[in-house]
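K.L.:
From first to last, the protein sequence lines stand for chains C and A. Counting in the numbering used here, the first sequence runs from 1 upward without gaps. Counting in the numbering used here, the second sequence runs from 1 upward without gaps.
These are calculated hints, taken from the structure and not from any lab test. Mixed in with the good hints there might be a few duds.
Not close to chain A: a few residues of chain C, all C-beta gaps over 12 Å, as computed [to be verified]:
1. Leu47
2. Pro60
3. Pro134
4. Ile175
DSSO-like mimics (lysine-lysine), calculated; alpha carbons at most 27 Å apart, straight line [said to hold, decoys possible]:
5. C:Lys122 x A:Lys81
6. C:Lys122 x C:Lys45
7. A:Lys135 x C:Lys122
None of these values were measured; they are calculated from a predicted model. Idealized CB from N, CA, C, for every residue including glycine.
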Amino acid sequence: MTIWQAVDWQAFRLTAQLAFLVSAILLLLGLPLACWIAFSRWRWKFLVEAVVALPIVLPPTVLGFYVLVALGSQSPLGRFWIAHTGHTLAFTFTGLVIGSILYSLPFAVQPFAASFAAIDRKLIDASATLGASPLRTFFRVIVPLSIPGLVTGIVLTFAHTMGEFGVVLMVGGNIPGVTRTVSIDIYDQVQASNYAAANETALLLLIFCFAVLALVYGLNRRPNRIVET
Amino acid sequence: MTTILTVQLRKRLGRTSGGFSLEVEFNAAPGITILFGPSGAGKTSILDCVAGLLSPDSGRITIGGRVLFDASMGIDLPASKRQVGYVFQDLALFPHLTVWENVEYGLSHLLPRQRRERCATILDAFRVAGLGRRKINEVSGGERQRVALARTLVTDPTVLLLDEPLSALDASTKAKIISDLRSWNAAHQIPILYVTHSREEVFALGERVIALDAGRILAQGTPHEVLDAPRQETVAQLAGFENIFDATVESTNPDRGTMTCRLHAAQGDRPVQLETPLIRAEIGSRLRVGIYAGDILLAIVPPIGLSARNVIAGTIVSLERRDMVVSARVNCGVEMEVHLTLAARDALELSSGKQVWLVIKTHSCRLMQR
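The following block holds chain C by itself, in its conformation from the complex (with noise of 0.2 Å):
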């Protein structure tokens, strides 16, 4: 008998796709939105930051339901989205991207900008006072002296989405290829009493986690040049 043989690859496949894609989004999102919680001096700026940090505390099936409202064709943005693509965005991994983005916001957010708010001022002023954009410090300044952080919040982002479960359940349901992931198929073999093949993934799956952060944390051992003045 052959190892790995009663995996579901294709589960396997779609979990990885959908975190690589939540991790690449939020980058993007997740950027601009730390960049904002570090440097903004609104007064009401503690209000957003709690709505970031909602997931972390939030059961996963309460946040689901709330995905699987407003994704519904009751809800506006159900609807916009009926409307323009002729189907329904609960039920499909488009919906299940959506509800990993929200349910992994904090996981990225968080340690961006504690990195961003950790970068001494004076560096920032510096680079206004040479000329440059704000955009150009962003990108000059702020990002290449947070890359611990950044990887941080990518890996901690990719390992949450690869292991979540009660949002995937709740918005995408268990539709083989389409939103059964690693954890779902999972659960399922255990409640159908297939130890062995529940064994087999659980174990990949542990060994797929590990190696990723690993990999990630022993590239990001090496201390940050950090200038004694």
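Use these hints to put chain A onto chain C, whose structure you have.
P.N.:
Chain A alone, transformed into the frame defined by chain C:
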């Protein structure tokens, strides 16, 4: 063409009760103008306002006629559009870039070839040409100051702001960097605001000094005029002197660093002359002398062989015990208060009407503007 920097601003600093308001107005011509004062006087805040990193509550800042800030017109150019060069106290060099990349940072609007030429020229002028490929943490403290100056000056700023840029350096490194800066400015002729709290630096650099304290300008002029002028003492400080006299400058001894002042005595009393430290004051000008009661010695025979320059005869008017201190009032043309210990009073057998001599060191005479 001369570019003059004009600054007139008002800014409330610090939200809590510990804050104070910055209120200054001055012009700076091409050359070095020093902002001198204790830490917390508002020196760096002035630089931040000129650079556009801090917005004044009101006022107007212009350079060579170009308005950088004008509260009444609603103009507040962002820092990136001001062309104001700023070298920060901690330099703020970019740690992730090399020396060359740091210097090149402000030249993104130029073609690559022009960038290369400008960088090479300025690195050469500040004697760090060989360091281009090094990371910032691989060069020494003095070299970093040079790189920071080069990075700012390569952008051809219209004003240069220096916030204690050389405070961490030894004197000889400092002198070399200053001479390089001077030769650069001989060609470019821009106003340079140089913040320091070191008296030595003021005399080493200064063409012009603006002395600041608690957000206000106390005096401006040459280093000699400003630092040696009678200080404007606050009421609180005046209150600390038991003896305060109006006085007139009678003569000055520049070679000895002293001058003679006549204290204004009551009608009919003999005039009292004091030798005081030399300050910049005209003969005949009036000022104020403060002497702490505890700084005056009292003798019951004419003292000889003393280093103190002022020995004045008088008689004790009254003796009064205050806790463990005896306060003697002595009439020597003016009435002076002298503080003694109980033991000294008893050993000298002091009593009212007794003839005594007061001994006052030159530097115990503190001079103030009237």
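K.L.:
If a hint holds in the structure, say so; if it does not, say that too.
P.N.:
Consistency of the hints with the structure:
no.	hint	verdict
1	Leu47	22 Å, holds
2	Pro60	38 Å, holds
3	Pro134	8 Å, violated
4	Ile175	46 Å, holds
5	C:Lys122 x A:Lys81	17 Å, holds
6	C:Lys122 x C:Lys45	23 Å, holds
7	A:Lys135 x C:Lys122	18 Å, holds
Violated hints amount to a single one, hint 3; each of the other numbered hints is respected by the structure.
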